[in-house]
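Working from the sequences, and respecting the hints, build out all of it.
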Amino acid sequence: MLNWWHYLSVFLVALIVTVLLVPVVKRVAIHFNIMDYPGTRRINTKPIPRLGGVAIFIGILAGLALEWLGENLGWWIGPFFDIVTLAPNVKLIGVVCGLAFIVIVGVVDDVRSLPPWAKVVGQVISACIIAFTGTLLGTFKVPFTNMVVDLGYWAYPITIIYLVAFANIINLIDGLDGLAAGITGIAAISLFCLTFGLGRNEAALAAIILVGACIGFLFYNFHPASIFMGDSGSLLLGIMLGTISLLGATRFASVTALAVPLIIAGVPLLDTFGAIIRRIRGHQPIQVADAGHIHHRLLRRGFSQRKAVSIIYAWTAFLCIGAVVMWNMSGLIKYIFLVVMLVVSAIIAHALGLLGPVLTHHYYPEGDRQGTDEGTEEVPTADDAGELPASEGASADTDDDE
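Quick note: my numbering has the sequence shown finishing at residue 402, numbered continuously throughout.
By construction, these hints were calculated from the structure, which means they are not laboratory data. Treat the hints with care, since some could be wrong.
What follows is a list of derived Cβ distance ranges for each label pair [claimed, not checked]:
id : residue 1 : residue 2 : range
1  : N146      : V120      : 17 to 25 Å
2  : S226      : S310      : 18 to 26 Å
3  : C97       : H31       : 22 to 30 Å
4  : C97       : S304      : 35 to 43 Å
5  : S330      : V124      : 36 to 44 Å
We treat Cβ as the ideally placed atom computed from N, Cα and C, and that holds for glycine.
Below is the structure:
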């Protein structure tokens, strides 16, 4: 286990470098007209530069660079080098290369708007780089038994699907100022607490570095945002969260260890699941965007951007704290607590009117624009996105699922 000042050092470097780089990236985006302009699916009422994910990535790289330098110069012992031979950790090199590739894909999409299939291919390649250099979900324990299941070669496709899923759940929920960065930061804090306690130095370092970069970006991205992260940021944050959860898994991961990252990412996961169900029941392709995400529906119920984001932050924090508490429980009580958290989240979703379009038979029946949210609210469609209230001069990035 590393010292607290070790973690604090890489955290501060990631935060400070991100804070310093955002204005530079912002000027570059404005110069090359890499902007989010108001439109039917945008909540922002004025052009906002995107490409903020580049600053986040450089901040993460700065934290990792400090870790590498500290180990190489003998300042501290860490996971980047073998203690005896000082051989580089191939697994972590693969993670950095995979993250770099997804950022490149995101930048291209921010500049030129890639078709959905091209973005998915880029995500798969990034996940392959990470998986084939050693970050794998290879084995897990069956609950209430000593049986260990070895996934064998299936570990590779399962890991790739897992990472691509994480990339997309953060990408989909990136719809309000500060939402994706805040949710990711809260989730990363939880993963840090868990992996620090397990002595998983690789994951703990990556998690605290990610927290620093997210906080640094929020200085400019919280409402009213002066820059958006774009797909270069949301895809990066998602795939890095998934990677940290894999790095933090013990040699034989329990089902609880596999469930914890999904609980931590529960709000965006619910949002993604709801989007898929809506589009299937509305006879729409899954990749077609709509304005029925959690943040859209909160705005439509009269919440300002800050309040909507705060509600989602609080919900995410509840799940993250619950996941940490659950991890420290044992036996049947652990699974009972899991069920309780799921029930509470379902109650919250219902109270906020978020399950209406998912539970109705058709999200958008032909010839009938009146879907229901508790029987009264019009269910949004892609064409209705421009009717969302621009609360408090809203300027949120809703380029979430193109």
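Going through the hints against the structure:
1. Checked against the given bound of 17 to 25 Å, the beta carbons of N146 and V120, roughly 39 Å apart, lie outside it.
2. For the pair S226 and S310, the supplied restraint of 18 to 26 Å holds, since their beta-carbon distance comes to about 20 Å.
3. At about 29 Å, the CB distance of C97 to H31 agrees with the hint of 22 to 30 Å.
4. At roughly 41 Å, the beta-carbon separation of C97 and S304 lies within the given 35 to 43 Å, and the hint holds.
5. Between S330 and V124 the CB atoms are about 38 Å apart, so this pair conforms to the stated range of 36 to 44 Å.
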